[in-house]
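**Q** Next come the chains, spelled out residue by residue.
2 protein chains.
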Amino acid sequence: MLDYPALAALAAVVREGGFERAAAVLGVTPSAVSQRIRALEERVGTTLVVRCQPPKPTEAGTRLCAHVERVRLLEGELVAGLPVLGEPGRGNAAPVTLRVAVNADSLGSWFLPVMARFAERTGAFLDLVLDGEEHTAERLRSGEVLAAVTADPVPVPGCRMRLLGALRYVATASPGFLRRHAPQGVDAAALARAPVLRFDRRDGLQARWAQEVLGIPLDAPTHWVPSTQGFLDASLAGLGWALNPKRMADAHLAAGRLVELVPGRPLDVALHWQHARLGARLLDVLTHEVATEAKRSLSQPAEKQES
Amino acid sequence: MLDYPALAALAAVVREGGFERAAAVLGVTPSAVSQRIRALEERVGTTLVVRCQPPKPTEAGTRLCAHVERVRLLEGELVAGLPVLGEPGRGNAAPVTLRVAVNADSLGSWFLPVMARFAERTGAFLDLVLDGEEHTAERLRSGEVLAAVTADPVPVPGCRMRLLGALRYVATASPGFLRRHAPQGVDAAALARAPVLRFDRRDGLQARWAQEVLGIPLDAPTHWVPSTQGFLDASLAGLGWALNPKRMADAHLAAGRLVELVPGRPLDVALHWQHARLGARLLDVLTHEVATEAKRSLSQPAEKQES
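Order-wise, the sequence lines are chains A and B.
Residue numbering for the first sequence follows the numbering used here, beginning at 585 and increasing consecutively.
Residue numbering for the second sequence follows the numbering used here, beginning at 585 and increasing consecutively.
Keep in mind the hints are simulated off the structure, nothing from the lab.
Worth double-checking, as some hints may not be accurate.
[Stated by the list, open to error] Here are the simulated distance ranges between beta carbons:
| # | chain 1 | residue 1 | chain 2 | residue 2 | range |
| --- | --- | --- | --- | --- | --- |
| 1 | B | Leu837 | A | Thr631 | 46 to 56 Å |
| 2 | A | Ser726 | B | Ala644 | 45 to 55 Å |
| 3 | B | Cys636 | A | Gly629 | 47 to 57 Å |
| 4 | A | His651 | B | Glu659 | 46 to 56 Å |
| 5 | A | Pro737 | B | Asp834 | 34 to 44 Å |
| 6 | A | Gln795 | B | Pro697 | 45 to 55 Å |
| 7 | B | Leu662 | A | Thr631 | 44 to 54 Å |
| 8 | A | Glu704 | B | Val846 | 19 to 29 Å |
| 9 | B | Glu659 | A | Pro737 | 37 to 47 Å |
| 10 | A | Glu704 | B | Arg786 | 20 to 30 Å |
| 11 | A | Arg635 | B | Thr631 | 17 to 27 Å |
| 12 | A | His651 | B | Asp784 | 31 to 41 Å |
Think of the CB as a built atom: it goes at the ideal place given N, C-alpha and C, for glycine as much as any other residue.
Kindly produce the complete structure, drawing on both the sequences and the hints.
**A** Structure (structure tokens):
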């Protein structure tokens, strides 16, 4: 079998972002951590972690860390059934952490109650990795996370997938913004020049909406605001028009602080839940909570699909 | 002089995240973009952009992009004074974008009004880069941004620095969380096991507070939530205790949805504004708005320092 103390040292260095902190967590000296990892690298025949600040795992290192997470998850299940196995000195059943990739807009609009109920039911911990909904599945493919909320409908090998529903976006701006930049109404001419918000380089939602609803390519001056709440706040402040999650915009629309650019023309982004097939109870509980909250909070298609 | 059409192509590829999109913005074909960059690389004698998805600038490429941003900023000033210089076809004074690094908690708690007033006064655009307050200065040092909100008090060469004041954090948890995890009161024993939140691997605020206020090293089970609003929401949901910006927590503290772990023991993080010495009016306006809002929203020291 693999050298698990060395693997635990590697995972701790990556997770804690340093050899010293990893050593503190493991209760050994930093040089012991360093020796274990060097021995593992010699055995595997490749560098596993680049010694920079913070240390960065190589591709091989990432795979081994992902393996450690999976083994630890399965161990957690064993310990729950056989409490006598719990590590002495740290109490029974040292808490298990599941690393999960979520898109920022899901975290901002519906994922947090999932996290709260999961933690309450299981006592386990979540390590959220934020990425664009088009890119969370890559994190699953690389083994970095155990599960992902993703817009990618292509099943990741070794994973189960289910359609969660759609995160509904509305194209919004402040009333003052529209008076200033679209006094004649929202049309192609107005949107060619009106400032727009984008989350980051990969955020194509505004362009997609402009194409689908007004049939125009979008090439307007842009404020870049890489935060879900900041995006909404920037819309409210009149910095630009933007697609915001409907659940977050609704109260502001009702109060007249935001206006829909073209009423009744939302944009739906279908979201899927993909998770490793591990047969681990914790992942099943998380999947159940994700599916339950999604049914409540996401737009549901007329017919449901599962795979 | 350098080949500016080629530099503009390089900057567009990096900014837009692709050769096709850069070509659309520049109004040329993707192969023209590619040829210009290749010619520039031959002249400079090194690779400037790694052809992956999205394309990534090399260190040399990053420096050249930063140079383009600076030249463009100075050009914007010229155009404002001499409107006849504005590029034909795109209207006068094509909008200038300033790239600025901000820590997530500043964006969540006080930076947005700065952005709104700056945009209103100047018509210019901001491209926000989020990073930890300990790391925003590196972005300035590498030339990636023109200015940064940073906790780093070491002046970056070629930049001006001013102390903005302190972002005040309070250690908070939900009342239910404290009943469950600290029924005997918040002490070293309770915090050794009570779940804690961390923003990311580099977030040492909770550990710093525990060390300063209770004199203990923190090694408790952790939920990782890399979002300022998500962090506050997770605190409200009772997932863990955490340091939240006081401005964001205040209403929840007043309403009893959050409780201070040790009343009257906040943690202050001094923030500085560092910006390139360019003598550009837009940067001066932004600096003025940053300083004005900081005076209003950040805790001010008894004596002010400037450099």
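**Q** Against this structure, judge whether each hint is valid.
**A** Hint check results:
In this structure the hint that Leu837 (chain B) and Thr631 (chain A) lie 46 to 56 Å apart at CB holds, the actual value being about 48 Å. In this structure, Ser726 (chain A) and Ala644 (chain B) break the distance hint of 45 to 55 Å, their C-beta atoms being roughly 28 Å apart. A hinted range of 47 to 57 Å for the beta carbons of Cys636 (chain B) and Gly629 (chain A) is inconsistent with their spacing of about 26 Å. Against the hinted window of 46 to 56 Å, the Cβ-Cβ separation of His651 (chain A) and Glu659 (chain B) comes to about 53 Å, which satisfies the hint.
In this structure the hint that Pro737 (chain A) and Asp834 (chain B) lie 34 to 44 Å apart at CB holds, the actual value being about 43 Å. Separation of Gln795 (chain A) from Pro697 (chain B) is about 33 Å and departs from the stated range, judged on CB atoms against 45 to 55 Å. Leu662 (chain B) and Thr631 (chain A) have their C-beta atoms about 50 Å apart, which keeps the hinted 44 to 54 Å range intact. Checked against the hint of 19 to 29 Å, the C-beta distance between Glu704 (chain A) and Val846 (chain B) comes to roughly 25 Å, which is consistent with it.
For the pair Glu659 (chain B) and Pro737 (chain A), the supplied restraint of 37 to 47 Å holds, since their beta-carbon distance comes to about 45 Å. In this structure the supplied range 20 to 30 Å holds for Glu704 (chain A) paired with Arg786 (chain B), their Cβ-Cβ distance being about 28 Å. The beta-carbon spacing between Arg635 (chain A) and Thr631 (chain B), approximately 24 Å, falls within the hinted interval of 17 to 27 Å. Roughly 23 Å separates the CB atoms of His651 (chain A) and Asp784 (chain B), a value that falls outside the hinted 31 to 41 Å.
The structure is inconsistent with the numbered hints 2, 3, 6 and 12, although it conforms to all the rest.
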